[in-house]
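Residue numbers (my numbering), protein chains in the order written: chain U, -8 to 512; chain S, -8 to 512.
Since the hints were derived computationally from the structure, they do not count as laboratory data. Just so we're clear, the structure is a prediction, and the values are computed from it rather than from any experiment. Any given hint might turn out to be false.
Same chains, same names: a pair is fine if it fits in one copy or spans any two.
The list that follows gives simulated cross-link-like pairs (lysine-lysine, DSS-like), each with its CA atoms no further than 25 Å apart [stated by the list, open to error]:
| hint | residue 1 | residue 2 |
| --- | --- | --- |
| 1 | Lys322 | Lys404 |
| 2 | Lys499 | Lys186 |
| 3 | Lys322 | Lys41 |
| 4 | Lys117 | Lys507 |
| 5 | Lys117 | Lys493 |
| 6 | Lys507 | Lys41 |
| 7 | Lys117 | Lys236 |
| 8 | Lys116 | Lys466 |
| 9 | Lys140 | Lys493 |
| 10 | Lys403 | Lys116 |
| 11 | Lys186 | Lys507 |
| 12 | Lys493 | Lys507 |
| 13 | Lys140 | Lys118 |
| 14 | Lys236 | Lys322 |
| 15 | Lys186 | Lys236 |
| 16 | Lys507 | Lys236 |
| 17 | Lys404 | Lys466 |
There are 2 protein chains.
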Amino acid sequence: MSGPVLTFLCALICFSCAEKLGAASPPNIIIMLMDDMGWGDLGVLGQPSKETPNLDAMAAQGMLFPNFYTANPLCSPSRAALLTGRLPVRNGFYTTNGHARNAYTPQEIVGGISRDEILLPQILKKKGYISKIVGKWHLGHRAQYLPLKNGFHQWFGAPNCHFGPYNNSGRPNVPVYNNSEMVGRYYEEFQIDRKTGESNLTQIYLQEGLDFINGQRLAQQPFFLYWAADATHAPVYASRRFLGKSQRGRYGDAVMELDYSVGQILSRLRTLGIENSTFVFFTSDNGAALTSGPSESGSNGPFLCGKETTYEGGMREPAIAWWPGHITAGKVNFQLSSVMDLFTTSLSLAGISPPDDRALDGLDLTPVFLNSPHTLQNRPIFYYRGNELMAVRLGQYKAHYWTWTNSLDELKKGVNFCPGQEVPGVTTHEQKEHTMQPLIFHLGRDPGEKFPISVLTEEYQDVLSRISPVVDHHKKTLVAGIPQLNMCDVAVMNWAPAGCEKLGKCLKVPESSPWKCEWPH
Amino acid sequence: MSGPVLTFLCALICFSCAEKLGAASPPNIIIMLMDDMGWGDLGVLGQPSKETPNLDAMAAQGMLFPNFYTANPLCSPSRAALLTGRLPVRNGFYTTNGHARNAYTPQEIVGGISRDEILLPQILKKKGYISKIVGKWHLGHRAQYLPLKNGFHQWFGAPNCHFGPYNNSGRPNVPVYNNSEMVGRYYEEFQIDRKTGESNLTQIYLQEGLDFINGQRLAQQPFFLYWAADATHAPVYASRRFLGKSQRGRYGDAVMELDYSVGQILSRLRTLGIENSTFVFFTSDNGAALTSGPSESGSNGPFLCGKETTYEGGMREPAIAWWPGHITAGKVNFQLSSVMDLFTTSLSLAGISPPDDRALDGLDLTPVFLNSPHTLQNRPIFYYRGNELMAVRLGQYKAHYWTWTNSLDELKKGVNFCPGQEVPGVTTHEQKEHTMQPLIFHLGRDPGEKFPISVLTEEYQDVLSRISPVVDHHKKTLVAGIPQLNMCDVAVMNWAPAGCEKLGKCLKVPESSPWKCEWPH
């Protein structure tokens, strides 16, 4: 009998003796973070093919948040914000190499998550939580930045995106880690067939998640599982069982497999009898990457543009909270909420006070979804791109202080963040400043940001008079972190990750030659 | 005690003696047809404000058809197609005054539904059905074209759109009929406050529908109710109770009131115990009228453009079938289906053979939703604009043979059917022919019609080889009807509708001076 199966059976047997985790115990926490999945990719949020039965059921049993935002329209800063509860401009996940640039953690990035930041698993540890990340890390891949150095007890996954394959000369293939040592590389031990899109990685990540849950159930220790599968990020992949099954092509196949996996995880919680003591949240790191074209990108539903932009399509995310017996089933909650709230909310669920030595951007959402779902908290959403506050949402209104899609040069190269969409003066190809007279939209009447409210109206002046002080206060009190995403160097790539010796997979490290990273968007 | 209340109570009392309507009896039929409501206006189809709890519940209890189409992107032809089961180009609801023009029935239209057409209520009558239309007719307003001359036993509503107010000199206000006589006019006896948007018309239409249902239940006669409320057509209106309640502005208020009304009607069926013997279908006449701007138009979700166009936003409709005990709850059915199927399906439900002396475009959907929801029928969808076949869908593929939004002249006047959307070579402002090399899209991967499939691919050639014979066959066998929407005349306006004498509301009829109507789009 294999280890995981044995563990699972033990867990089943131990049901009756494990009822200690009552209402008073802090719940387990599972955050499922998708990669480049768009708001409009879920059936319950209007994807016409309606191929997410498990997520739709999760919403029907839980609470849907249609006004949930990421902290940045790109993966690394978004993930850093989730784990620190702070805007990237505070936690250092941004660049000052250019104005309003999206930066992330490619293999040549020198920086990573600052040691001055406090990550969610580091605090949860104090209350006895065991934390595991499954999937994509993306908070820096040099040794000191990896998950086990930053609060996680366990990790199975990769530090960077699964781009490739590379020939390991100019650029190494990205390693896959099991805890603190690599166990192979993408396109080598962990195959992704670029031609067919076949890869069993989601199945591996699912099994890693399920095994962790089983193990923690058996050990009767509260756990934090950060399940960060990356199948919907280009190059998009799915396992053979799902390939060709979607009406939506390969991207849809990947969504179907992730949806299936979500269903398996929730089902396992029920089987183990811990559904009432496990808080689960599903969301995505940024909007669908429309520039990846029809077969490798998702849908942002009725929203404007996508990943890399601060329009709704770039930052509004699918979001479902699920906690049977605690969260009333089938509710929709219109609270303006953010991936950074998951930090504060998780601490609240664990009964831990948040750090008081730093500014936090996350709200505690527990009052919203546990007690009074109709009492919304009036809070702004800040839309940053790199070092610039591009836009602010307050209530139904959103004010754009800067607009930019990308440069005409990039557009000519085929990089288009808003294919088929063009709102004059809004989806600009130059960085356009509107701070003296922001573009204001009513997102209820006009979720697609197509009809700026006339500056001559009373409505515009009223909104401006309410948003301006919020922006002024934010800017005046903001203490920006030291930017971590400024320097690049081929020497820091994943040439010789820990564990490479055992596998005979160490590559020669080239000489260091750092440069200021270029961030064209 | 008022009439309706008495009727209602009697109906309740008569429950036990009225169980004759068993499975063998033909069911009552209710078709709820909205006006300019878009695919994306329902919560269950992704409207971010999720303000349609009754429609969402209807879908959860019934069957959702995400691939349901109207027959034309404009109201009159769409409605004529519903009631005849035939494409407008066959039933005469089109114009030959220009190429590919959208035509409808404004007050100056001379024509209307041809006496050679057979309308649904005319056939249902043979099986003892009593038919009522509540709301907008739009199949011609001259005496011979009105509902009671075309198979309906009862009518409460208006023959034309609720444009206005007019001063009754150059143009009369549109009459509201009760059966064969007018009972007032819009903006006079039936107020719509253009400033506030307040009107209690939806409440009146709701009550008319409920009273009819009660009456038929009492009389134990099968009925056909065609409930065609128009609150979501500009000028958009709602009653005081709903005004200001939506997150979406006035349009959302109207949707909320319609959603409430749908809930009331379904609830009444349950109260009367006839939910198992009443087939209900909800849909809309064409896509959201995006040109009406953010406060007076709805959402077409992820689809391209809207009303007046043959892109998905113009013709794909929200569609829900509901029939407890017969249609399995909560299913999604991907059958390519059409408003014309409602004709054929209704006849099938009533146990009547469809007319065999003419071409019908409607399918009988009963096998799809009653017996084998997974056995889809392979049938094309034809997208017409006036006298031109603009596009064809077969399976997931759609081929555009002609593209056009509207002319640059109209665009300069502010008429924009695709605000904020621009797909080069697709959303053209000239009538562009592609018949030698149609633009082909895969609507599963690319529901927004943004990425035409390259003609150089095997996929393109394969699709073309399958679609071409379908188009050829259609064109070769098509017998176009005599166009009814070519001639206009101020003399035919609603100056002196039947019943005007009793009300003292007859207006002087100007001299006849017919002209060829101009259809700019």
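Evaluation of the provided hints:
For the identical chains of this complex, Lys322 and Lys404 are neighbours neither inside a copy (44 Å) nor across copies (44 Å), given an alpha-carbon limit of 25 Å. In this assembly of identical chains, Lys499 and Lys186 lie within 25 Å of each other by CA distance neither inside one copy nor across copies; the values are 29 Å within and 74 Å between. With identical chains, the CA atoms of Lys322 and Lys41 are at most 25 Å apart both within one copy (19 Å) and between copies (10 Å). In this assembly of identical chains, the alpha carbons of Lys117 and Lys507 never lie at most 25 Å apart, being 38 Å within a copy and 82 Å across copies at closest.
For a Cα distance limit of 25 Å, the shortest separation of Lys117 from Lys493 qualifies neither inside one copy, at 34 Å, nor across copies, at 84 Å. In this assembly of identical chains, the alpha carbons of Lys507 and Lys41 never lie at most 25 Å apart, being 44 Å within a copy and 46 Å across copies at closest. In this homomeric assembly, Lys117 and Lys236 never come within 25 Å of each other (Cα to Cα): the closest approach is 45 Å inside a single copy and 46 Å across copies. Proximity of Lys116 to Lys466 under the C-alpha cut-off of 25 Å is found in neither arrangement, the shortest distances being 33 Å within a copy and 71 Å between copies.
In the homo-oligomer, the alpha carbons of Lys140 and Lys493 lie at most 25 Å apart inside one protomer (21 Å), although the nearest pairing across protomers, at 88 Å, exceeds that limit. Taking the shortest Cα distances, Lys403 and Lys116 never come within 25 Å of each other, neither inside one copy (49 Å) nor across copies (63 Å). In this assembly of identical chains, Lys186 and Lys507 lie within 25 Å of each other by CA distance neither inside one copy nor across copies; the values are 34 Å within and 58 Å between. In this assembly of identical chains, the alpha carbons of Lys493 and Lys507 never lie at most 25 Å apart, being 34 Å within a copy and 86 Å across copies at closest.
Proximity of Lys140 to Lys118 under the C-alpha cut-off of 25 Å is restricted to the intra-copy arrangement: shortest distance 18 Å within a copy versus 78 Å between copies. Taking CA atoms no more than 25 Å apart as the test, Lys236 paired with Lys322 passes between copies only; the shortest distance there is 18 Å, against 30 Å inside one copy. Taking identical chains as interchangeable, the C-alpha atoms of Lys186 and Lys236 lie at most 25 Å apart only when both belong to the same chain, with a minimum of 17 Å there against 51 Å between chains. Within a single copy, Lys507 and Lys236 get their C-alpha atoms no closer than 44 Å, and across copies no closer than 52 Å, so neither meets the 25 Å cut-off.
For a Cα distance limit of 25 Å, the shortest separation of Lys404 from Lys466 qualifies neither inside one copy, at 35 Å, nor across copies, at 42 Å.
Against the hints set out earlier in the document, violations occur for numbers 1, 2, 4, 5, 6, 7, 8, 10, 11, 12, 16 and 17.
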